[in-house]
Amino acid sequence: MEHRWGMSIDLDRCTGCEACVVACHAENNLPVSSPDQAEKGRTAHWIRVDRYYEGEFPDVKVKYRPVLCQQCDNAPCEPVCPTYATYHNTEGLNVQVYNRCVGTFYCANNCPYTVRFFNWFAPEWPEPLQLQHNPDVAIRPAGVMEKCTFCVQRIQRGKRDAAVENRPLADGEIQPACVQSCPAEAMAFGDLNDPESKVSKLAGSGRATPLLGELGTKPKVFYLERAK
Amino acid sequence: MYLMADFREQSKLEAAILALKAAGIDADDMDVFSEEPVEFHRGILDRPSRMSLVAVLGAIASGGLATAGVYAAQHNYRLVTGGMPVFSFWGTGVITYETTMLGSVLATFGWFLWESGLLRKRDKSIPVPTVLPGVMCLRVHCSDPHVTRARQILDSAGATDIARKEVA
Amino acid sequence: MAASAGLLPYAKIREDLFRPLSKGSPRYWITICAAMSVIILGMAAWGIQVRDGMGVTGLNRPVFWGFYIVDFVFWIGISHAGTLISAILRLTDAAWRKPVTRAAEAITVFCLMIGGMFPIIHLGRSWLFYWLIPYPNPRLLWPNFRSPLLWDLVAILTYVTGSVIYLYLPLIPDMAQLAEHNVPWRRKLYRILSLGWTGSDREWHALERAMKLMACIILAVAISVHTVVSWDFAMSIAPMWHSTIFGPYFVVGAIFSGIAALLLVMGTLRRALGLELYLTKHHFNNLSKLLLLMSLLWFYFTFAEYQTVWYGNEPSEMAVFASKIRGPYAPFFWTMVFCNFVVPFILLGIRKLRTINTAMIASVCVLIGMWLERYLIVAPTLGNPRMNAASGVYVPTWIEFAITAATFAGMLVLYLLFAKLFPMIAVWEFKAHPVEEN
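Keeping their order, the protein sequence lines are chains L, Y and A. Mapping of the first sequence onto the working numbering: residues 243 to 470, in sequence order. Mapping of the second sequence onto the working numbering: residues 12 to 179, in sequence order. Mapping of the third sequence onto the working numbering: residues 11 to 448, in sequence order.
Next up, chain L with everything else stripped away, as it sits in the complex (with noise of 0.2 Å):
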């Protein structure tokens, strides 16, 4: 049976750190900005974590909402690419391959989650940042869209050590860098074909909604949170 892999994310666990965006720039060699390009809204973050206010001070609320791809199954950046440089995979990640894409940007102008990250100049990173690069990840060249992958470098890893040991996976063996680094234990990753896994029961509780789920993208990253 093949994987299909799916993200949980309690809100109501999630305090807005922002350790899962300091681990994706990590894992991902995520080029680093400088602050005027900042302000003209090039900043790349696979992960965000979007806040929303309400009330008025002193009484007011905060809810904090990390946003990442969802890997829809329905993708509306799919069938736009015309050089076919994102397509579905059979273990239902939303794939972007670099070296296809040339840059024609429909991909992001119809994704409804604003998830995808362009590179406008080639990377750079202040010293000593790019001794820290992942071998694992390419680095993208100026022209190319990028996005989260799910950390499938960790994906391709976990399945290799497992057929390597011919064992089957273990659920939460693999860990997005994400997942791993979050302090309140709010994400949880794993196979929404196995109905054992912890995604799966998340992903089937009361208490799952997808983001924007009237689209009918189909995302696999279910936000966990008390029914009103």
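Please note: incorrect hints may appear among the correct ones.
For each label pair, taking beta carbons as the anchor points, the in silico distance ranges come out as [said to hold, decoys possible]:
| no. | chain 1 | residue 1 | chain 2 | residue 2 | range |
| --- | --- | --- | --- | --- | --- |
| 1 | L | S447 | A | W408 | 53 to 59 Å |
| 2 | L | S447 | A | P146 | 47 to 53 Å |
| 3 | L | E467 | A | Y145 | 48 to 54 Å |
| 4 | A | W408 | Y | W125 | 49 to 55 Å |
| 5 | L | E281 | Y | L124 | 58 to 64 Å |
Incomplete in silico selection of chain Y near chain L, CB under 7 Å [said to hold, decoys possible]:
| no. | residue |
| --- | --- |
| 6 | L90 |
| 7 | V91 |
| 8 | T92 |
| 9 | G93 |
| 10 | G94 |
| 11 | M95 |
Which chain L residues face chain A? A few, computed with CB under 8 Å, are given here [what the hints assert, rightly or not]:
| no. | residue |
| --- | --- |
| 12 | G297 |
| 13 | Y348 |
| 14 | F363 |
For the record, the hints were derived by calculation from the structure and aren't laboratory data. All C-beta atoms in this analysis are idealised placements derived from N, C-alpha and C, irrespective of residue type, glycine included.
Given the structure of chain L, go ahead and fit chains Y and A onto it with the hints provided.
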């Protein structure tokens, strides 16, 4: 033998053509040269054309080929999609339509080049009259027995400057 | 009242229409040089963009499309000038179109050539643009034909091919005439282009039949081309893009801007080439009325679109709507309405005000307005995505201005060269049916 006669009025030219046809000269042996198109009345110098048919055939061929190509290309990828199908006429319809139109454009242009004679090998010995503005020149290809009769017709029709050119 | 050109002797007509093909005046060459310098600046700007990356433009997340796409839609839109005038008026047998056809068809071809460059210019990795073309390759890869961008490619290629042929066909008889008296290198050029045209009735028949067929085909293609361009937007699910009105809306807008461009070009040609007797008040009057009609039609479509959005009150669409009507894009929006509707309505709707000069003013306003309209379609929607935490504003840089300016200069140069090499009014077509009075 080529006879070339200049006319200044279309009615006289048409009368001459009808008379020549009555004398047994084929419409294929007659050509009218002018600096602007002459709108003949029906039945005088009709040239049957297959251009519309060629355009339609070219359109169908091109559109069909392109759609088949797209079908093959899209099924070449074993894509997993959770939503839209890999191939459907809704999506490919535009390409089918445009390539159909492209086929008809190219077929029309190509057939025009052929039907007008522009692309065919020219027989250099056949004389081509230099046409002055406002003048319509009728060139008749006829063999010896008909030549005198043709000359008479052209004269009585009111042609000016009837020239004669021998062809080897 | 000037004498009608149909009463002029043929020799004079021929002389007037062939005179512009002689050596260029100093004013001509200065204009070309000035335009070339703008073009070189634009090319340098693009070179910088290719070398340094798309970051030198004002594009950002979430506004991933900006000036280049606006220019693309704008130029492809103007190209509908030729098709409307040539094809529709040819099919309806309107004699007044005769002096205007070639100028219009030339606009079409050059606008398509210029507009067709933008899908390459706007790419993040422009040098790999050929991956969109289906060709057998060792990687066994084909492009994605489901993508509207591929539909764009096929549609524009078809339209360019059709337009070039449509421009070339009626040019052949003129080439044959020009091949007779001219400078040696030109004579050779014209002779090659005339394909050995002798003026026989077979050739005329074939030509007229081909023109009739091409008129129908090119009309069908033109409507589909701008519809397909509009589907780049309408096929996405972005708020205020995903609207079924985009197909017809863009076609109407294209014809609208096309007529404005044609009016502008004609007015300039009239003065520059001394064609007052051939491009008469009558032609400008008719074109002005057409422009007014298209203005009303444009207003109708725009009003329908915005009214529907406003009444539906859907949050993500209203965010875009508000940014256009009241927000940062409001000055552009109301300028657009003024230029596209108010100005033509006043200047062209009131008969006393409808002159050649006011028609030119209205045309310039319409061109500005239509460029703004394309801008207002692209930027506000992208700047206000569904996840409003990701909103952004688009501020273009000099690179985008330079490249945009270069395309206008490029159009000017192409047109000037064309006017020098080929007669702007088809002599043979003009004579065949005498022009009516003004």
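Which of the stated hints cannot be reconciled with the structure, identified by number in ascending sequence? 12
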